[in-house]
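Q: Assembling the complex is the task here: the two chains are given apart, and the hints tell you how they should meet.
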Amino acid sequence: SQTIHQWPATLVQPVGSPLSLECTVEGTSNPNLYWYRQAAGRGLQLLFYSVGIGQISSEVPQNLSASRPQDRQFILSSKKLLLSDSGFYLCAWSPGRGNGYTFGSGTRLTVV
Amino acid sequence: QKEVEQDPGPLSVPEGAIVSLNCTYSNSAFQYFMWYRQYSRKGPELLMYTYSSGNKEDGRFTAQVDKSSKYISLFIRDSQPSDSATYLCAMSAEGSFGNEKLTFGTGTRLTIIP
Chain A
83 SQTIHQWPAT LVQPVGSPLS LECTVEGTSN PNLYWYRQAA GRGLQLLFYS
133 VGIGQISSEV PQNLSASRPQ DRQFILSSKK LLLSDSGFYL CAWSPGRGNG
183 YTFGSGTRLT VV
Chain B
1404 QKEVEQDPGP LSVPEGAIVS LNCTYSNSAF QYFMWYRQYS RKGPELLMYT
1454 YSSGNKEDGR FTAQVDKSSK YISLFIRDSQ PSDSATYLCA MSAEGSFGNE
1504 KLTFGTGTRL TIIP
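Protein chains in written order, with our numbering: chain A, 83 to 194; chain B, 1404 to 1517.
So that you can see chain B by itself, here it is in the shape it has in the complex (with noise of 0.2 Å):
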C-alpha cells in the first residue's frame, strides 16, 4: 500500500464548476500537508498549506485536512480554463536533522472546459 493514495484522473469539468480534488494517506505521523500545482512541462507550484486538521481558504481554494480519517482536500470555486494542470497532494512528518521529506500523490490531471 502506497503511503499516499491519489487518483490519477484525468477529471474535466465545465468552467465555474466546483472542484474537488482528494488524497488519502496511511502514515499518521504526517502533519504539515500541501497542495501544489503543475502546469504542463513546468516545476510544481505551492498552492495550498496546512498544518494538522482544519480548514484553509485562499481565494478560490480551499484546503481540507481530516487526520481523524487521514483523509485531505482540495476545492476550487468557480474554475476557470487557467485552472486546468495536475495537481499534487504531498505530506511530511517531523524530519530531522531539520529535513523535510515530502511524500507526494501521483497527481490528478484536471482540465477545465470552456
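Bound-form chain A, shown alone (with noise of 0.2 Å):
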C-alpha cells in the first residue's frame, strides 16, 4: 500500500533562517506531488506541484522553493524564513486524473 512521510511535525524557527521540509511516498511510482500551506481560516492554498523529478510548478511567488531531486521525494525549502511563512505545511501525493489526494500528516511551522 501507498504511504507518505512527512517530517518534522513541529517546527520553531527564527526570522532569517533557512527552512527544509522533506515529503516522500513510498509504494508508487511516478506520483504528482504537491505542497499546501493552511493558515487559520483561509483554506488550503496550492504552493508547488510536481508532475516527475526536476518538474516544478510555483502557484504563488514567495518565499518559499521547491524540489525534486528523486521521483518520491519533494522538499520545500526556504533561504530566508519571514513571519507571514508560518502556517500548517502539508505534503501531498495523487495517481493523477480524478483519484483525489492523500496527505501527509503535515508540519506546523512558526516563525518567531
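Each hint should be verified, as a subset may be incorrect.
Far from chain A, some chain B residues (derived; all Cβ distances over 12 Å) [what the hints assert, rightly or not]:
id, residue
1, L1414
2, I1421
3, S1431
4, T1489
5, T1514
Restricting the straight-line Cα-Cα distance to at most 35 Å, the calculated cross-link-like pairs of lysine-lysine (DSBU-like) are [stated by the list, open to error]:
id, chain 1, residue 1, chain 2, residue 2
6, B, K1473, B, K1504
7, A, K162, B, K1504
8, A, K162, B, K1473
9, B, K1405, B, K1459
10, B, K1459, A, K161
11, B, K1504, A, K161
12, A, K162, B, K1459
13, A, K161, B, K1473
Hints were generated in silico from the structure; no laboratory data involved. Everything numeric in this text was worked out from a predicted model, so none of it was measured. Just so you know, even glycine gets a beta-carbon here, dropped at the ideal spot from N, CA and C.
A: In C-alpha cells, the structure reads:
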C-alpha cells in the first residue's frame, strides 16, 4: 500500500533562518506531488506541484521554493524565513486524473 | 468570486442528528468532487469521492452532486462525537499531463455535542 511521510511534525524557526521540509512517498511510482499551506480560517493554498523529477510548478510567488530530486521525494525550502511563512504545511500525492489526494500528517511551522 | 464557496461554520449539532454540509462552485469544468475530513492538527483524509452528478453512499455518509446547480452536499446520518472535525470539499477538472489540481473550499468546522 502507498504511504506518505512528512517531517518534522513541528518546527519553530527564527526570522531569517533557512527552511527545509521533506516529504517522501512509498509504494507507488511517478506520483504527482503537491505542497500546500493551510492558514487558520483561510483554507488550503497550493504552493507547488510536480508531475516528475525536476519538474516544479509554482502557484504563488513567494519566499519559498520546491525541488524534486528523486521520483518520490519532494522538498520545500526557503533561504530566509519571514514571519508570514508561519502556517501548517501539507504534502500530498496523487496518481492523477480524478483520484484525489492523499495528504501527509503536516508540519506546523512557527516563525518567531 | 471564489471558485468554491463553503460556509466556514462553526456548526454544532446534538449527537444522533443528521448533518448537512454544502459547497457551491462556479467552474462548470469541474467533474470530480471530493469531501475530506480533517481532525485538529492532522492532515486531511479523503472521505468521499464522486464523479459527475449523482449520489454516493458509504455507511453513514452520503455525497450528492448537482452539476446543474453547481452544488454539492455531504450528509452525515446518526452523527457521532467522533465526527467532530473540519470538513473540506474539493473538486477538479481534467488536468493536463496527468496532473490533477484540486480546488478546495475553506472548510466547515463541525462539532457533535454528546
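Q: Check each numbered hint against the structure and report the violated ones by number, ascending.
A: As far as the earlier hints go, 4, 8, 10, 12 and 13 are violated by this structure, in ascending order.
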